[in-house]
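Student: So the protein sequences, as listed, match chains H and P. Read in the numbering used here, the first sequence has 72 at position 72, and its numbers run on one by one without any break. Position in the second sequence (from 1) plus 1000 gives the number in the numbering used here.
Partial selection, computed: residues in chain P whose CB lies under 7 Å from chain H: (1) G1055; (2) V1177; (3) T1191; (4) Q1229; (5) F1393; (6) P1396; (7) T1420.
Calculated from the structure, these hints are not laboratory results. Virtual Cβ for every residue (Gly too), placed ideally from N, Cα, C.
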Amino acid sequence: MVDRLFAGVLLLVAIGYTYIAFTAIKAPFQYDPLGPESWPQLLGIAAILCAGYLVAKPDVARFGLALPTWARLAVLVVLLFGYAYLFQPAGFILATFAFCTLLSVMLGSRILPALAFGASTGVVGFFLCTRILELNLPAGVFAAYL
Amino acid sequence: MDAILTGLGQGFATALDPLNLFLVLAGCFAGTLIGALPGIGPINGVAILLPIAYGFGLPPESAIILLAGIYYGAEYGGRISSILLNVPGDAGAVMTTLDGNPMAKRGEAGRALSLSAIASFIGGTFAVVLMSMFGPALASYAVTFSPSDYVALMVFAFASLASLVGSNPVKTLFGAVIGLMLASIGIDANTGVERYTFGIPDILAGIDFLVVVIGLFGMAELITLVEHQATGTLKALKIDKSFVTMGDLARTKWTILRSSMIGFFIGILPGTGASVASAVAYGTEKRVAKDSHTFGTGDVRGLAAPEAANNAAAGGAMVPMLTLGIPGSGTTAILLGALLLFNVQPGPLMFQTRPEIAWGLIASMYIGNVALLIINLPLVGLFARMLTIPQQFLTPMIGVLAFIGVYSVVSNPHDLYMITALGVFGWIMRKLDFSLAPVILGFVLGSLFEDNLRRALSISGGDWSILLNSWNSVVLYLLAAVVVILPILAARRSKRRALLAEGDTPVIRP
Chain H
1 MVDRLFAGVL LLVAIGYTYI AFTAIKAPFQ YDPLGPESWP QLLGIAAILC
51 AGYLVAKPDV ARFGLALPTW ARLAVLVVLL FGYAYLFQPA GFILATFAFC
101 TLLSVMLGSR ILPALAFGAS TGVVGFFLCT RILELNLPAG VFAAYL
Chain P
1001 MDAILTGLGQ GFATALDPLN LFLVLAGCFA GTLIGALPGI GPINGVAILL
1051 PIAYGFGLPP ESAIILLAGI YYGAEYGGRI SSILLNVPGD AGAVMTTLDG
1101 NPMAKRGEAG RALSLSAIAS FIGGTFAVVL MSMFGPALAS YAVTFSPSDY
1151 VALMVFAFAS LASLVGSNPV KTLFGAVIGL MLASIGIDAN TGVERYTFGI
1201 PDILAGIDFL VVVIGLFGMA ELITLVEHQA TGTLKALKID KSFVTMGDLA
1251 RTKWTILRSS MIGFFIGILP GTGASVASAV AYGTEKRVAK DSHTFGTGDV
1301 RGLAAPEAAN NAAAGGAMVP MLTLGIPGSG TTAILLGALL LFNVQPGPLM
1351 FQTRPEIAWG LIASMYIGNV ALLIINLPLV GLFARMLTIP QQFLTPMIGV
1401 LAFIGVYSVV SNPHDLYMIT ALGVFGWIMR KLDFSLAPVI LGFVLGSLFE
1451 DNLRRALSIS GGDWSILLNS WNSVVLYLLA AVVVILPILA ARRSKRRALL
1501 AEGDTPVIRP
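So that you can see chain P by itself, here it is in the shape it has in the complex (with noise of 0.2 Å):
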């Protein structure tokens, strides 16, 4: 406990630096601005301003606390295209519309936004204060990790994101294969030896994860924008005088905390994020309701679920980030790679190495938390706005702010046709199902994974049993298996139940 508070009041020395304080405002600040347009999610909004983070040439603990602000500022915006426009910002938004938009309709658009924001602050700080109670005591237990275990946590991280993430378990598992294959592409560093170079000095150092990012999200989404091209404006609904008020509090105290509660272990869980957490938060919420008919049409439990989970899954997929290093979805996995980028190689040391940083992150999250609710209760309107301005002029945005990213930092006009080819096989991928989240995840990791491997290999002198030698790997192993095996037994148990009734069950797809 006083390590914790010592930690703490460290990261709170960290945080209110007035750079610090001020980068976290501008982060909140632009997050919920890039959150509210529609179509832009929180994973393309950190991919798109990572490059132009790096450029400031900021500390390595204000450029996290910077793009952390943004992450979580994206998820509290998420909500108000959700709710205004019934267009959600990305997957973890989904849920949102079911019942935020029917509260809209029905006039009481001001009552959804206030619910759903401090909804939104509720799970995001229970998942910063269980962070900064369990964080570290996780971080000391992981520093025993042989690298064996990190093999298995490894496998454990792909496994859960295979049958928690998309539709298509093969398609998330290749989409990570890819991930690891561009991870190999440059000169091995044991060895010296160039790996798929073909000779082109470009790529002797790998390809640079900026253009990885920038391509697959940055670039992606802006044809896809052009793709379903919506001209002119699209038509928001108006934010009215209602309110939220002390019985709808009341009513979904329970639902909040459960949610909340619900999001933030599944944030944990490595790969999957806010889209699975608050898919899961919804449906509980529904089975546990007792007039489950109201959900669906503009019932504040519906609202005030996914919300709470979903930003407290944004706070659960920065545990396995800063503990293991290991990130629990998409956008942590672009935050570890921003980390990396600073030489910082967040894992279990980084609690004793860089307090500054691990720390610092935390303090700056429970700031964030309060100037979220602080700023999006009163200047909703203002963010609303944005939904207003017209498309066409959006769009070309995204590619501007692209190019400037990529080019400020890494000032070679190749990379531009990169970002560019890589944006359009991105695409091509999201078309076809395939999410684009373990692409990232496996080019993160993919070092760490060869390196652990090589290295549990090189201690056993290449036997292979290794990996099975420690009961950390052996727990990690079966509980790669439960995650994989549960899902399958669930969709056959549904299947039958579903054929026994001969209706159609609702599916909930995350």
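Okay, chain H solo, but in the shape it has when bound (with noise of 0.2 Å):
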């Protein structure tokens, strides 16, 4: 059942891409055979055959997770986009402790051991890649010490 909803999905982005590639793609003048459009309606027409296909035969029934591995997964994507959020304003040393952090706790560590890995993380990992590697990391709150 998810396989079907899941390509049934895909099939109506597939309809959409091949109504865009249809309709609105157009080079206002070419001089070659085929425009900007031509590979879009290819690919557009492959997409729907397979996602039609496989909304008619499906082969996966369910995920088989349990209740509780869902909200683990649902709380590991809140954490990652809490992460995604605040990584710039907040700056990679306090968002990296505060994602480390909580994501380990939820994953079965204790809260000092955890607390101690997400700060070493985030101040090791910092100096590590802006100062020996020279990599690029925001400071966030951190700017005007660092």
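Starting from the two chains in their separate frames, assemble the complex, guided by the hints.
Tutor: Now the structure itself:
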């Protein structure tokens, strides 16, 4: 069923993609026999055929995950979006500290080791990357001190 | 022959440059570490470290040497978690668990690890030697390819992908089409028309390759690890003092040679990498052996075969990437994308225009293989210690590395959301038995495929029959038909035989 659902969503996307390819994409003038629209048209039709086949003949019935697993995955995705949200304004050190600590606690670590792990990943990671490897990372709230 | 020797000479001059030599060794070391981590295979390792390597600002040949080192280092390292934990790092290492883990359980972990290191070394070296002999010849032949031949080559690549990778050919094909569709987003280079940008300025130049790779491989891997959450430490078997004997080598020498050969040629086939190669090699050895009942209970041949094959396949997969510009596996697709990031277009001309990259890479693979053998025999205990890092600390690190990688190269916070969303998408695809390698292959090949099709039709003035106009393309279409039809026939035959025998035949699923 999930297979059919996923393929159904992709089928809608593929139909939209193909519709745009046939209606919206047009070059104002061109010399070549194939314009910018032909390739997406071919791809769109191939995608519709594949997705249509999968809607008709799905082979994975269900995800087979228990409810706690779903909850864990939901928390993970929230954490990741939170990490992405905080990354620039709060800076690498703080955002990484929060992300690592929370995720490792969720994965079963005790609080103190998790705090130590989060803090060391944030601080060591920042200096390792910016000072030694010369990669660009946001300093965020510590910008004035670093 | 002369050209090969001068090429190799030049390659070694590049690879022995102190910086590059250091990068080979560092890449091999890091790759083995990553490969040894349970659940993380070469493709995820290369994907996660790619943007960081890119961010260093290295010249292209050094960056590709580093990434290639990580790639085959991870192929070596994968066997450690397979043998000691019974947890394969990726699909290519699954067959290694069958006989490797029983050996370790029997108290012969040291013997299994050292034998597999030697098998890996022979497989890898065999592939590099063949590559340096035939790569340039293939490249100079491929120079004569016309755009329509390239279209045929691409069709062949996707046909062999669909029929050999994954369980459901439609899903594999669909994955490749999704990759091609993602690649079509952005401004069309020929006419300047915007396609599927919906007025968003960030994607005018197309979706960033790094973002797709990190999202589909790094982040999806992170989500999978959390899904299978292993709390605490996995129980790794102890490494003992046993070591490979001359008798083992004598017993497995033909196995290793056969498997290297199989691995190399399967690796060359576009799209099929280590996973198919190791499964086929294992199956072949089992069929060839007179006493096949010992396979699966810790037979040295069952261990040597997949290990030789998957390292040979890693080398073989480099051949079409370097000579034709068409990657032979998901991981080489990422390497190819990495070269494109440096504005280097891999293809038949690379041996002439950028010999320092083509030959430098080949030479670095010779060095890397020797280095891997040396660091893997005595240091295996160190790598095995990686297995005891608690999972709850390892898993967040993947997320942190992915974020560092994307941010340090693109410096656009929106891409952090993008990789997370792509990670969820990739995880769903994995759960539904889509393999992700075709997506990245399609994404990398998208513009090459389209450009060649349009160029071919420009040459013919819109006449589609040009696609069948040369012998090269006709042969390639025939080969494409063969790779699609053969497995179907074989499946039908084995099904009929299974019905006759009324027993369950073992099915090897790559």
